[in-house]
Structure formats: C-alpha cells, structure tokens
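**Student:** This is what each chain is made of:
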Amino acid sequence: MYVIETDRLTKQFGNFTAVDQISFKVSSGEIFGFLGANGAGKTTAMRMLCGLSIPTSGKAIVAGFDVYKESEQIKKHIGYMSQKFSLYGDLKVWENIRLFGGIYGLSRKRLADKTDELLHTLDLEKERNTLVHSLPLGWKQKLAFSVAIIHDPKIVFLDEPTGGVDPVTRRQFWELIYEASARDITVFVTTHYMDEAEYCNRVSIMVDGRVEALDTPSVLKTTYHADNMNGVFQSLARKAIRGE
Amino acid sequence: MKTLRFLLEKEFKQIKRDRFLPKIIFIVPILQLLILPFAANFEMKNINLSIIDNDHSVYSQRLVNKILSSGYFKLTDVSSGYDESLTSIESNESDIIVEIPNGFEKELGREGKTELFIAANAINGTKGGLGSSYLGNIIQHFNNEMGYGHSWPGGITLRHLFNPHLNYKNYMVPGIMVFLLTLIGGFISALNIVSEKEKGTIEQINVSPLPKSLFLLSKLIPFWIIGFILLTIGATIAWLIYGLVPVGSFGTIYLFAAIYLIAFTGFGLAISSISSNQQQAMFTAFFFIIIFALMSGLFTPINSMPEWAQKITLFNPIRYFIEVMRMVYLKGSQLSDLKEYFFIVCLFALFFNVLAILGYRKNH
Chain A
16 MYVIETDRLT KQFGNFTAVD QISFKVSSGE IFGFLGANGA GKTTAMRMLC
66 GLSIPTSGKA IVAGFDVYKE SEQIKKHIGY MSQKFSLYGD LKVWENIRLF
116 GGIYGLSRKR LADKTDELLH TLDLEKERNT LVHSLPLGWK QKLAFSVAII
166 HDPKIVFLDE PTGGVDPVTR RQFWELIYEA SARDITVFVT THYMDEAEYC
216 NRVSIMVDGR VEALDTPSVL KTTYHADNMN GVFQSLARKA IRGE
Chain B
2 MKTLRFLLEK EFKQIKRDRF LPKIIFIVPI LQLLILPFAA NFEMKNINLS
52 IIDNDHSVYS QRLVNKILSS GYFKLTDVSS GYDESLTSIE SNESDIIVEI
102 PNGFEKELGR EGKTELFIAA NAINGTKGGL GSSYLGNIIQ HFNNEMGYGH
152 SWPGGITLRH LFNPHLNYKN YMVPGIMVFL LTLIGGFISA LNIVSEKEKG
202 TIEQINVSPL PKSLFLLSKL IPFWIIGFIL LTIGATIAWL IYGLVPVGSF
252 GTIYLFAAIY LIAFTGFGLA ISSISSNQQQ AMFTAFFFII IFALMSGLFT
302 PINSMPEWAQ KITLFNPIRY FIEVMRMVYL KGSQLSDLKE YFFIVCLFAL
352 FFNVLAILGY RKNH
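As they're listed, the protein sequences go chains A and B.
Following the working numbering, the numbering of the first sequence begins with 16 at its first residue and continues without gaps.
Following the working numbering, the numbering of the second sequence begins with 2 at its first residue and continues without gaps.
FYI, nobody ran anything at the bench for these hints, they're computed from the structure.
Glycine included, C-beta positions come from ideal geometry on N, C-alpha and C.
Some clues are possibly wrong.
[To be verified] Calculated pairs, DSS-like style, for lysine-lysine (alpha carbon to alpha carbon, straight line, at most 25 Å):
id: 1; chain 1: A; residue 1: K141; chain 2: A; residue 2: K91
id: 2; chain 1: A; residue 1: K155; chain 2: B; residue 2: K75
id: 3; chain 1: B; residue 1: K363; chain 2: A; residue 2: K91
[As the list claims (entries may be wrong)] A few chain A residues that don't get close to chain B, going by computed Cβ distances all over 10 Å:
id: 4; residue: G66
id: 5; residue: S86
id: 6; residue: K99
id: 7; residue: S101
id: 8; residue: H135
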C-alpha cells in the first residue's frame, strides 16, 4: 500500500522549473530518503506533498488525498518539520506541545499524557518550563520532530532535520525516526549527510529538479559501483547544471 | 471552539511576553490623550499685534485696551508708522497691524464714524484670518459700547450648541479616542501575522488542518479586548483630565467600538496576510492610516473639503466612528439616531475581515 504516489509532478516558478515531472511511490511505514544537492528541488517537492505549495502540473496523492483538491484533508494526516525551526520560541516547551496537540484536536486528557510521555522520551523533563528559543539546536530539533508527530500522522515530512546538529544528537534523532517508523509512521526525509542516507529503506536522488535514481542504498551502490552512498551521490550530482 | 481556546492562550502569552507591546499599548493612549488635545488646537491665542496709534487720544487708548484685554492678542510692537510696523511683520514678530488714524477721536465724535486700518500677515492663514475676525468683533463691541453705529442692524447673536464654550478640547478628545483604537487595531495587528511569516512559525500552522478563519479569529480577539481596555482608559482620562463624560450612553459607544475594532483589526490583519515582511506591512498600514486620519474630520472639518474629497471620505471608516463619538459625547445621540452609521461600520467590519480571510493563503 502506497501512502505517497506522484505522477509527473511539476512546479514552475515563472520560467524556472524547480521540480520537473517527478514520479515515485512511497510505501506505508517506509523510511524514504530524499536526497539532492542544494537547489535540486527537494524542498519544493516536499512542500507540494504537504499541501503548502500548489503544483503546476502532474498528479500527487498523499495519504489517499489529492494535493490539488484535498490539501486540508492531507494536513490532518501528515506531520511536517520545516528546514527553518518553526515552533514558537516565545512559548515554553510544554506550551508548544499543548498548542499543537490542541490544534490537531487531542483531548485534554490525552494531551496531558502525551506531554509527559514526550518530555520523558526526549529527556526534557527539566526543560518543561523553558522558553523554546533558549534551547540548544539539537534539543529544538528533537522537540520539533516530536511535535510534528504528536497526532500520530500517517506520514511525517522532515526537511533537513539534522542540519547543523552534532553527531551524538543526530544519532539520537535517528533513533526517534526509527521509533516513529516502528509505530507505522512513514518517514519522508531530506538530508545532506550520506551516512544518514544509509539508514533509509529507499533513497531517491534529485538532480536539477528530476529524480535521477531511486532504490535501496545497496542496489544504488551496486549500480553506480560505489563503496558508499557518498560515491553514488557524487557520481549523480556531478551531472547537475544548476548551481547553488 | 476548543481549538480557539488553545490559540487564544498562545496569543495572550505571546503578547504578555513581548517586551515592547504591553508598554506601548498603555503608554501611547495616555500620552496621546494628554498631549494632543492641547497641541492640536485651532483656538488662536497669542496673536502678535503691532499697533500704530496716530491719534494718541482717550478713545484710541480705550480701543487698544479693549483689544488687549480680550486675551487673544499680545502687543509686540508699538510703531510710529506703517513702514516700521511692516518690518515687524516681515521679521515675523507680529501677525497683525492695527493702524488708528490721526483724528480718530475727533471724527468719531463729529461724524459718528471713522476708519481703522487692519493688515494681517496671511502666511499663517488661520492665524491671520481668525485674528482679523476676532478684531472685527472687538471693534464692533467697542462701537456698541461707545454708542456709535450698528454695522449689523438688529445685531446677530450666536449661540453655540452642544459645545457652548467652544471648548476645542471637547471636540478633539472623542476624536483622539477613535484614533487610539485605530492605531492599536490597525498597526499592531498589521504587524502580527507578518511577524509569524518572518519567524517561520506560520509554516507549522499552515501545514496543520487549522482553518484560516479560526487562526484569524485568534488574532482578532486579543486586539479586540485590548481595544476595549484602551477605550476604557481613554474615557477615564477624558473624564479625569477634561471633565468630559458622554451626554449619550456608554452603551452606544462600546457597541460602536466593538464593531469598529473588528473592522480595523480586520484591516490590519488583511494587510498582514498580504504582506511578506514587516516593512511592507508597516508602510501599507501607515499609508492608509495617514490618509484615513487626515480625511476623517479629526483635524479639519469634512464640510470644508472640496466636493470630490468629501466623496472620498465616504469610504473612510475612521470618519464614521469619529462622528459617532462626537455625537454621542457632545450631543447625546442615541443608537436609534445612528442606525445608518451602525450599518456602515458593520459593512466595513465585514469587508476588511473577508479581505483578511481571502488574503491569507495557506498554500501558494
């Protein structure tokens, strides 16, 4: 069963084709890595799938809903963590959890339980009453991820969630991703770290708005005669014409 | 409804934690109401007078005393000739010249009439114009007292209705209260949503299933409540400092304020949802509010604007609320007298809020 299906999905900004006819399918529960150099069109593609950006042409079905007509339905069933940290810095940790839990319609009782559970898993119990903007980046990112999946969505979209985060916290972050995946949440993640690409079930690599390769990391490595994902990425990204 | 509560909790906490907003919300109205009614005042006092008394008689002395005792004029210059007097106008020391001709007393006594010469510096048109008409009145009085001529046969008596002492402040204060609500409703809300855009927090809202209208409502309600608090502070200052209480009812005022605040917060939110950064929002709001304010009748009467400008003021929400406030405060108008106004302010509220909802896009 597929939770994301796209067919020649395209986004143009004026004369510039940011995303050029991409077609792929993502299965339920999968950890799907969405790779590409800066400017390859990853974020634009992801924003279309989240209902934040209206495609120019092509088709896309996310969580069973059409991105053109049913974007508000899609939003009930997805979580999203943008590249730029977007929780409220002037609210406390628990207040952010409460706000987004409330927006997604969690009951009062469930909210209280969820808050405790979340703070416990993130080891943030002591920071419950800290204003979010004063948290270190790694903690912020972990909190943002947990808030993004507070309503147990079918899919969570993560846009470079570990950018600028130290290796230990990155490791912990991926543990959170695996936990979510174990709870049958499909993870759609973009990253620039090739070691992280190895953690994904399948990986797609975008070059200049097109999906140039899509398979499991091991198949990709064989196809491109590379020792690791970095090699695969290098041989594909070299073809890019667009600069940064 | 439950979701709205969570959103309101968020808004109030954010407003409270803002280092700048709570202060500005309370300091601005107090300062405006304390300073503006005194400063933005068209009553002319301290009109500088240059007198050329060529007669040096008892009568001319009496006239001069009469003019000076009126309280509007200040004697800055006593000259012996017109040219000298003119120099004092040119150097901006005096605004008006009064020349009393030689033989003033004699001619008055013999013929019962004579001529005075008044020259006003019209660079400051208001001062010159008002000054000469004050002078005209005083001279008229002087004539009557002395028992000479009636240039107004039968005489005209003026009775100033509703503001009997022509107290300019009574006229300004209700208008300034409207301006306060406009500033808070218009400006601060204009900066609100756009600041969420700049911080990026709006992404997290846009990617959630939260309906646009609910999000906007959560922005509108706090400003609505703040507006009421401001109005109350304003009314208290008006009463304490200016002794001004509405002749009509507070109920009418608050009812109108409620709708007006919805209208103007809608205006701010509409700008906020269309703009992509705070500079744009600020400039757009500023542009409209300045035009609205200058064409609202707050400072200059709408009646004295040219026809075409008067037509433009029909599309100015501030104008209606200022008129309502003045009518309720000074004339004691009732809601039943103001039905039309009520309807129009409701239309503005609807218009701006629909604009805000349409302007706010959750996707692009």
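**Student:** Check the structure against each numbered hint from earlier and tell me which ones fail, lowest number first.
**Tutor:** 1, 2, 4, 5, 6, 7
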